[in-house]
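Number of protein chains: 2
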Amino acid sequence: MSGVTLVNLWVKNSAEIQRKRVETKPFITNPKAVEKCTRYVDTDLNRAFSPENLSAPEGDDLPYEVQRAQEINRIFGPKGSPEAYDVIFDLHNTTSNMGCTLILESSKDHFNLQMMNYIKKAIAPASCLVLLNEHPLLKYSTSRSIAKHPVGLEVGPQPQGVLRSNIFEAMRVILKHALDFIELFNEGMEFPPCTVEVFWVSERIDYPRDANGNIIAMVHPNLQDCDWEPLNPGDPMFQTFDGKTIHYQGPGTVYPTFINEAAYYEKQQAFVITRRETLVASAIRKA
Amino acid sequence: MSGVTLVNLWVKNSAEIQRKRVETKPFITNPKAVEKCTRYVDTDLNRAFSPENLSAPEGDDLPYEVQRAQEINRIFGPKGSPEAYDVIFDLHNTTSNMGCTLILESSKDHFNLQMMNYIKKAIAPASCLVLLNEHPLLKYSTSRSIAKHPVGLEVGPQPQGVLRSNIFEAMRVILKHALDFIELFNEGMEFPPCTVEVFWVSERIDYPRDANGNIIAMVHPNLQDCDWEPLNPGDPMFQTFDGKTIHYQGPGTVYPTFINEAAYYEKQQAFVITRRETLVASAIRKA
Chain A
1 MSGVTLVNLW VKNSAEIQRK RVETKPFITN PKAVEKCTRY VDTDLNRAFS PENLSAPEGD
61 DLPYEVQRAQ EINRIFGPKG SPEAYDVIFD LHNTTSNMGC TLILESSKDH FNLQMMNYIK
121 KAIAPASCLV LLNEHPLLKY STSRSIAKHP VGLEVGPQPQ GVLRSNIFEA MRVILKHALD
181 FIELFNEGME FPPCTVEVFW VSERIDYPRD ANGNIIAMVH PNLQDCDWEP LNPGDPMFQT
241 FDGKTIHYQG PGTVYPTFIN EAAYYEKQQA FVITRRETLV ASAIRKA
Chain B
1001 MSGVTLVNLW VKNSAEIQRK RVETKPFITN PKAVEKCTRY VDTDLNRAFS PENLSAPEGD
1061 DLPYEVQRAQ EINRIFGPKG SPEAYDVIFD LHNTTSNMGC TLILESSKDH FNLQMMNYIK
1121 KAIAPASCLV LLNEHPLLKY STSRSIAKHP VGLEVGPQPQ GVLRSNIFEA MRVILKHALD
1181 FIELFNEGME FPPCTVEVFW VSERIDYPRD ANGNIIAMVH PNLQDCDWEP LNPGDPMFQT
1241 FDGKTIHYQG PGTVYPTFIN EAAYYEKQQA FVITRRETLV ASAIRKA
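Residue numbers (our numbering), protein chains in the order written: chain A, 1 to 287; chain B, 1001 to 1287.
Just chain A, same shape as in the assembly (with noise of 0.2 Å):
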């Protein structure tokens, strides 16, 4: 609940997220969900920004989220188009022990790597990590993908319908040196080139299923809540309900993150495996 009491909070009075040279709007993207304390109603909406579903004809027979991206397409977008927002922050709890999480969707978007430079400094010594999820299979159609600098925040862990005051304050501070950010690029400031590291998404593991789909094991304790710290070959990932452990075959390091997140389970993925990887940031500066 931490996004959604934000920006109720900032919908009452915005002088938190005011900034003089940045125009800034709260808005809750799922109302009817948020109504009904779950995820979404008829579809998830988070990968609903497709473009079959945002050029489909309009209609009530349409299901809800679907009606709700187009809606949120003509406010923030259209997508790809020039009259599209430059940033939304798609705010976002996970159940995975994640901590502070930026989520990109792309390795050449220059802005945002120097915001994931900027907030990263803020924050320290408290960390933050950038998760890239630019797979071409993997990559999926959220909310923030209809502004040219969509950024993802993704905070925990924190069960659903729970407010934890960590989790919220975590969220809202990371907030405050987006805009902080945003601010100064506006102001005119440079920011000369920059490195920032990344952990890259590169494949999603399933649970073990029997042939009707059935989960046959769990996250292994040695895994579960150990996002973003290295799995090895022969290291444990899954526990049968009998007691056998399943252990990591892939051919080398990787760092697991997701792990075991609810909204995942219908997904078929008990976590998605990243790389480490280091990019450069170019100098920007505004025009």
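Please note that a few of the clues may not be correct.
[Stated by the list, open to error] Cross-link-like lysine-lysine pairs, in silico, DSS-like; alpha carbons within 27 Å at most:
#	chain 1	residue 1	chain 2	residue 2
1	A	K36	B	K1148
2	B	K1032	A	K267
3	B	K1121	B	K1079
4	B	K1267	A	K267
5	A	K32	B	K1267
6	A	K36	B	K1036
7	B	K1121	A	K32
8	A	K20	A	K32
[Claimed, not checked] Some, not all, of what chain A presents toward chain B, calculated at C-beta under 8 Å:
#	residue
9	L163
10	Q224
11	W228
None of these hints come from the bench; they were simulated from the model.
Here the structure is a predicted model, which is why all the values come from computation and not from measurement.
Ideal Cβ positions, reconstructed from N, Cα and C, are used throughout, including at glycine.
Given chain A, work out where chain B should sit, using these hints.
Chain B in isolation, oriented as in the chain A frame:
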């Protein structure tokens, strides 16, 4: 998902819950809610076993969970009758940091108190606490209340829709010892008098809210995850969104639990307050 997963395993293969002198029946109480991965469909089943509901004229116009309560009462009850099942273990998970908790409804149920003593000794050095809800106003009509000896088993923290191996195994081990206890009792073993420490529910504390019922403060970080730890007068209890601390003002030390449980926001409950007491259980032996 611990309880649902265990019951489904036992329905397929009941070897683990079989005992020579105990008849067991694994049972999913709310299959529609399981299918939708939600707490309930129409109304909370674990509040539905009231005399009014159980005696209401049957019919499809009744809420799903009331129909289901009547059905469960026919199978395992009738509540309060000699034909009712002896024991129901009602398997629950919580998002609160409660560890293994056994929930009783009567301080005078010496069979259950002896069972608590047995389980506590059997799982040591791991611990499991006993919550006693015998408060005339705070007690509610649980599913397990149709049995002669109702036992709630609440294990956490675990988010909804998630299966954590540590929580799963903890629940499984407690059930094993509980069944072992009944087996020993049915074999004729005498259990001498003993004492059992219980946490006795005395009050329900809601989140601070505005005139519209919206929450205006979160559980304070000093209290979050501190289930069963002493809360003293003057200790921080809530933190408002603008950073103010609300302190506990009660007359003496209490022990909060169910702190920030997701399912209890709708029940206007941030946590319950308990008082620690030691009960004496008489000797028991099968007649």
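Taking the hints in turn, this is what the structure says about them:
1. K36(A) to K1148(B): violated, 36 Å
2. K1032(B) to K267(A): The given pair, whose Cα atoms are some 20 Å apart, holds under the 27 Å limit.
3. K1121(B) to K1079(B): With Cα atoms ~31 Å apart, K1121(B) and K1079(B) exceed 27 Å; violated.
4. K1267(B) to K267(A): violated, 31 Å
5. K32(A) to K1267(B): holds, 20 Å
6. K36(A) to K1036(B): holds, 13 Å
7. K1121(B) to K32(A): violated, 49 Å
8. K20(A) to K32(A): Violated. K20(A) to K32(A) sits at ~33 Å, over the 27 Å cutoff.
9. L163: Holds: closest Cβ of chain B sits about 5 Å from L163(A), inside 8 Å.
10. Q224: holds, 6 Å
11. W228: Hint on W228(A): violated, closest Cβ of chain B at ~18 Å, above 8 Å.
When held up to the earlier numbered hints, the structure conflicts with 1, 3, 4, 7, 8 and 11 and fits the remainder.
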